[in-house]
Amino acid sequence: MRILIVEDEPKTADYLRQGLSEQGYGVSVAADGIDGQHLALHHDFDVVILDVMLPGLDGFALLKALRAVKSTPVLMLTARDSMEDRVRGLQDGADDYLVKPFSFMELLARVQALNRRGRIQEASLLRVGDLQVDLIARRVLRQGQRIDLTAKEFSLLMVLARRQGDILSKTAIAELVWDMNFDSNTNVVEVAIKRLRAKIDAPFERNLLHTIRGMGYVLEDRGPQA
Amino acid sequence: MARKPESATRSISARLALLFGLVAFVSLSVVGISLQWVLRHEMARHQAEQIQGRTEDLRYMLNHGRPDGLAARAMAKIEALSPADERNRYWMWSPDPAYLYGQDLQQALDATRGKTGVVDLYVRGRHMKLQAVDLPAQGGRPELRLIVGVDVAPFAQTLRSFRWALMVVTLLGALVLAALGYWVARMGLMPVRRMSEEAHRIEPGNRAQRLDVSALPHELSDLGGSLNAALERLDSAYHQLAAFNDNVAHELRTPLANLIGQTQVALSRERDGVHLREVLQSNLEELERLRSIVADMLFLARAEQGARAQDLVQVSLAAEVAKTLEFMDLLLEEGGMQVQVQGDAQALVQTALFRRALINLLHNAIQHSAAGSQIMVQIETGAQHASVAILNPGPVIPAEHLPRLFDRFYRIEKSRANSGESHGLGLAIVKAVALMHEGQVFASSSQGQTRVGFQVRLAMAALPKG
Chain A
1 MRILIVEDEP KTADYLRQGL SEQGYGVSVA ADGIDGQHLA LHHDFDVVIL
51 DVMLPGLDGF ALLKALRAVK STPVLMLTAR DSMEDRVRGL QDGADDYLVK
101 PFSFMELLAR VQALNRRGRI QEASLLRVGD LQVDLIARRV LRQGQRIDLT
151 AKEFSLLMVL ARRQGDILSK TAIAELVWDM NFDSNTNVVE VAIKRLRAKI
201 DAPFERNLLH TIRGMGYVLE DRGPQA
Chain W
1 MARKPESATR SISARLALLF GLVAFVSLSV VGISLQWVLR HEMARHQAEQ
51 IQGRTEDLRY MLNHGRPDGL AARAMAKIEA LSPADERNRY WMWSPDPAYL
101 YGQDLQQALD ATRGKTGVVD LYVRGRHMKL QAVDLPAQGG RPELRLIVGV
151 DVAPFAQTLR SFRWALMVVT LLGALVLAAL GYWVARMGLM PVRRMSEEAH
201 RIEPGNRAQR LDVSALPHEL SDLGGSLNAA LERLDSAYHQ LAAFNDNVAH
251 ELRTPLANLI GQTQVALSRE RDGVHLREVL QSNLEELERL RSIVADMLFL
301 ARAEQGARAQ DLVQVSLAAE VAKTLEFMDL LLEEGGMQVQ VQGDAQALVQ
351 TALFRRALIN LLHNAIQHSA AGSQIMVQIE TGAQHASVAI LNPGPVIPAE
401 HLPRLFDRFY RIEKSRANSG ESHGLGLAIV KAVALMHEGQ VFASSSQGQT
451 RVGFQVRLAM AALPKG
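Protein sequence lines correspond, in order, to chains A and W.
The opening residue of the first sequence carries number 1 in my numbering; numbering runs sequentially from there.
The opening residue of the second sequence carries number 1 in my numbering; numbering runs sequentially from there.
What the hints contain is simulated information worked out from the structure, not anything from laboratory work.
Please note: incorrect hints may appear among the correct ones.
Here are the simulated DSSO-like pairs of lysine-lysine, each with C-alpha atoms no more than 30 Å apart in a straight line [to be verified]:
#1 A:Lys64 to A:Lys100
#2 W:Lys115 to W:Lys77
#3 W:Lys323 to A:Lys152
#4 A:Lys70 to A:Lys100
#5 A:Lys199 to W:Lys323
#6 A:Lys11 to A:Lys64
#7 W:Lys77 to W:Lys129
#8 W:Lys323 to A:Lys194
#9 W:Lys129 to W:Lys115
Taking CB as the label site, the calculated pair distances span [to be verified]:
#10 W:Gln314 to A:Asp32: 40 to 48 Å
#11 A:Asp35 to W:Arg308: 33 to 41 Å
#12 W:Asn206 to A:Arg67: 53 to 61 Å
#13 W:Gln314 to A:Asp35: 42 to 50 Å
#14 W:Gly261 to A:Asp35: 39 to 47 Å
#15 A:Met1 to W:Arg271: 31 to 39 Å
One-sided and incomplete, this derived list gives chain A residues near chain W with beta-carbon spacing under 7 Å [to be verified]:
#16 Pro101
#17 Val191
#18 Arg213
Ideal placement from N, C-alpha and C gives every residue a C-beta, glycine not left out.
Turn these sequences into a full structure, and let the hints guide you.
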């Protein structure tokens, strides 16, 4: 997947480039609106990350020029809340937006969502290591053993299993499982993870549900643990 | 103190003076014009009487005198009656030439021919009023036409003088009244000037100072009271802002100090990757905390600047409460708490905001209730608003704290600053959400029950009419 970052703040551009490259994306960076427009129009990107305040040509103008030609998904970054309304109000506008300061996990989740848009291939049986999640029968097996989960625990596991290997922030989990799309400042997600872990990991040798401190949680098979 | 030059239309005194002058001018003019009209009328009557009087004697003589030498006697009489300055003149005409009298007789005859009333005649540079009397032949006297003329110049002169006097009096009167009006207005406005001088003395340095309302006349005491109330509100907002800045600085200072300190310690020695990772993770937690404070602050600022909830949908509040409880279920379970929901209402809300407020309230209730408590959610319908209240058992909150619970960073116990994950903005966000839905917040505490909640507009009230 190829991503274009149009951002004039060098630190922001640098960490975004590094972070996204390490996720396996091909990343190009433009430091002003004019370069950004040139790249966006003449190359094919899967997602454009576009800062609103840019030298040369601002994000709105670039977006307009891009939309006249292409429908590349665009994620807008705004530094000021007052811009939020304008971004929201854009008719032929951005596909999504984030207000600074945002977390990288949040950005990653949005980029993945934009890229996933329109091509969801749903397997009915998800496997993470020796864990099997049957989405149709709503059944969970580990090492052939049946694990009983509550409805919410199942939703949580399903969300994690569908994005196995991706780090999911607490906010993202709250949104995907409970439809709470805001920072709730509660420890509901921690508690839910703790309970799920007690059922799917505790009785077994190898842990699949990992905490990435300060970022979120990831479900993946990391092989035999030392 | 330097004052801006006052243009006449912007000074109340000048405007009142101008109006006084104008009113005086108009009313004096009306009086003058009426007086002049009356005078003119009276003078005309007077002239007619004068003419009448002048002819009376002559008529008597001509009607009753002996015929012989009557013409000569009449003429002698006329001569005696005529003043030297010719202000009164007489003419006599008869087919008998003996009776013809007066210069310019032909003109006088022409002017009065066929007319019975008073007529005008301009002769020898004079303007005269003429009246003719016809005397039929009688006792040997031939028929006669007797014409009397009165010079109008003295009357015209009187009228002219009178007119001038009126004009002068009118103008002078208007000027004097304007001047008096100016003075009266200035006297009347004195309290306003005093108030303005007092207001001038109120500055950021002495914000506590207020206008002295007791010294104001009662027409102004209302205004003074309103101004004082406005000052009061500004002052309290100023206070809040100052306190708020303190609080923000304080809230940000702790995580910042941690970040700087930990990073410096980590960098002061060679560290292995595991250690550095731990520092970064710890830093990330502090940074997340900072981010969340900033995001909440921006949210609150937007609400305070009058942002309204968008993407409103009509929902059953009980259903929204149920969804939120589902989210909070684990926390309630951990605390062994039960939640009971009463009532329902249909309202237009932005669901994310509504749930956020509800979560903050529930979280607040969970934190302040003992394990195993019973929490109640009451949904009530008012005239225009639906209210959602959370009741939880807890120690009585002193009344002075209740209205301030929704202030940013407000904590009843000062020592509990920086506790855990809540950063003191939860209830402020509830208030912001209420504001964004045109509602209010409320809090009460009695008999071991704390009741805190907020309002949103009802669906019916929020829909456009018609």
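* Asked: Should the hint that W:Gly261 and A:Asp35 are 39 to 47 Å apart at their CB atoms be regarded as holding?
  -> holds, 40 Å
* Holds or violated: A:Lys70 to A:Lys100, with C-alpha atoms at most 30 Å apart -> holds, 26 Å
* Between W:Lys323 and A:Lys152, does the CA-CA distance stay at or below 30 Å? -> holds, 12 Å
* Taking only the CA atoms, is the gap from W:Lys77 to W:Lys129 under or equal to 30 Å? -> holds, 21 Å
* Does the Cβ pair W:Gln314, A:Asp35 satisfy 42 to 50 Å? -> holds, 47 Å
* To do: Please test the hint of 53 to 61 Å on the beta carbon pair from W:Asn206 and A:Arg67.
  => With a Cβ separation near 57 Å, W:Asn206 and A:Arg67 satisfy 53 to 61 Å, so the hint holds.
* Does A:Lys64 lie within 30 Å of A:Lys11 when you go C-alpha to C-alpha? -> holds, 26 Å
* To do: For the pair we were handed, A:Lys64 and A:Lys100, check the Cα-Cα distance against 30 Å.
  => With Cα atoms ~22 Å apart, A:Lys64 and A:Lys100 stay inside 30 Å; holds.
* Outcome of range test on Cβ distance (W:Gln314, A:Asp32; 40 to 48 Å) -> With a Cβ separation near 46 Å, W:Gln314 and A:Asp32 satisfy 40 to 48 Å, so the hint holds.
* Keeping to a limit of 30 Å between CA atoms, is the pair of W:Lys129 and W:Lys115 held or broken? -> holds, 13 Å
* At a threshold of 7 Å, is the proposed contact between A:Pro101 and chain W supported by beta-carbon distances? -> holds, 5 Å
* Supplied contact hint for A:Arg213, tested at 7 Å Cβ to chain W -> Where the cut-off is 7 Å and the nearest Cβ of chain W is about 4 Å from A:Arg213, the hint holds.
Checked against the numbered hints above, the structure breaks none of them.
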